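Q: Going line by line, the protein sequences match chains A and Y. Under our numbering, the residues of the first sequence are numbered 1 to 176, in order. Under our numbering, the residues of the second sequence are numbered 1 to 190, in order.
Treat the hints with care, since some could be wrong.
Claimed, not checked - From the derived model, a few chain A residues whose C-beta atoms are all more than 10 Å from chain Y:
id	residue
1	I2
2	W4
3	F129
4	F174
Unchecked claim - 20 Å max Cα-Cα, derived PhoX-like pairs, lysine-lysine:
id	chain 1	residue 1	chain 2	residue 2
5	Y	K34	Y	K2
6	Y	K37	A	K106
7	A	K106	Y	K2
8	A	K157	Y	K2
9	Y	K37	Y	K2
It is worth saying that the hints were derived from the structure and are not from the lab. These numbers were taken from a predicted model, which means no experiment stands behind them. Quick reminder that beta carbons are idealized off the backbone N, C-alpha and C, glycines included.
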Amino acid sequence: MIYWQIFLAFFIPGILGYGGGPASIPLVENEVVDRYQWMNHQEFSEMIALANALPGPIATKMAGYVGYMEGGIFGSAVGLFATVAPSLILMIALLSLILKHKDSPKVKRMSNYVRPAIAVLMGILTYDFFFDSFHDIGGWQTFGIALISLLLLEKWKVHPVYVISGAIVYGAFFLS
Amino acid sequence: MKYLNIFIAFFRSGILGYGGGPSSIPLVYDEVVKRYKWMDDEDFSDVLALGNTLPGPIATKMAGYIGYRVGGIVGMLVALIATILPTAVLLILFLTVLQAYKDIAWVNGISKAVVPVVGVMMGVLTWDFIKKSKGYFGWLMTTVLVIVSLIVLQVLSIHPGILIAGLLAAALLKKSKQADENLNKKVKTS
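In isolation and in its complexed conformation, chain A is listed as follows (with noise of 0.2 Å):
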């Protein structure tokens, strides 16, 4: 049950998320904090913080942590199995059909289309997170915080593994 449950949380974002793997964050929280209840908004962001700090692909750094807390190392094979193998799937025997259609305008539109959509979980997520920190260590501190990263994030163009150590760093002082 508890396998079946890691395969659709993962399924479902692994197939509706069109934009890579940063695109599925939101449909990940949607299916893992909304629906199963496995974390809550402040866990589910120490897992992006952390998997945003190191490198690698984000969408199996989710399934692979999130399936393994839930259902052991069996767990995170079938989550990271329901992340990958669709569209992996769907890429290789599709591939001479696709091949064929790439340039059809209605293929190209597809992933223009999904895109608002996918905008909009991303903001809702955003106010989730930002509201979550709000009740937490109050509004001076989050919105200190925020303007400090945004500025060394889009501004000074820091890379985001010093900024999370720097957070941390913070974090560990201040807001113990």
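Following the hints, put chain Y in place on chain A, whose structure we already have.
A: Using the frame of chain A, we list chain Y on its own:
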């Protein structure tokens, strides 16, 4: 030797790529086209375009497909393992350690401080997707689609899958506009 090369190529592009799969694509390109010459430029961009028309993580689609072409089923598995396993294992290790000590005040402080940072990262990603939508639809249509999606998801509480399936159906069923066709021809001939 072939499998070892496949492993090295995808291990390197996985472990050096920050910001998720899409940002590791240039690294995959370096390995697959420049270093090992398994594909030429045109082939690679075909596979990438193909991967982008399908849902799901892009890094594993590229790894799986290229691994399959170079070394069959075993090649595919080797490429996937090299892409996925090292970083997934690292994350599991880090987070289990963090969970084990979360009652300690300073570990708890860490968890609290990263939430706004992740919020900012997610916000930046959101803005990125909005800008890309604007580039395709223009501001008016993007705003309409955003508001409609918000209502569907938040007010009507409909599962995102149903919304996305609806948008995909619209993309496939809508008659092709002349503008789309012309653009398409231009892309083909260039």
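Q: Look at each hint and say if it fits the structure.
A: We went through each hint and held it up to the structure:
1. Listed as a non-interface residue, I2/A keeps its Cβ farther than 10 Å from every Cβ of chain Y; the least gap is roughly 17 Å.
2. Chain Y leaves W4/A outside its interface by the beta-carbon criterion, the shortest separation being 17 Å against a cut-off of 10 Å.
3. Taking the minimum C-beta to C-beta distance to chain Y, about 4 Å, the non-interface status of F129/A is violated against the 10 Å cut.
4. In this structure F174/A is not separated from chain Y by more than 10 Å, as the shortest Cβ-Cβ distance comes to only about 7 Å.
5. For the suggested pair K34/Y and K2/Y, the alpha carbons sit about 16 Å apart, so the restraint of at most 20 Å is met.
6. Restraint check: the Cα-Cα separation between K37/Y and K106/A comes to about 32 Å, which exceeds 20 Å; the hinted pair is violated.
7. Taking the CA atoms of K106/A and K2/Y, the gap is near 38 Å; set against the 20 Å cutoff, the hint is violated.
8. Simply put, K157/A and K2/Y have alpha-carbon atoms about 38 Å apart, too far for the 20 Å limit, and the pair is violated.
9. Restraint check for K37/Y and K2/Y: the C-alpha separation of about 12 Å stays at or below 20 Å, so the hint holds.
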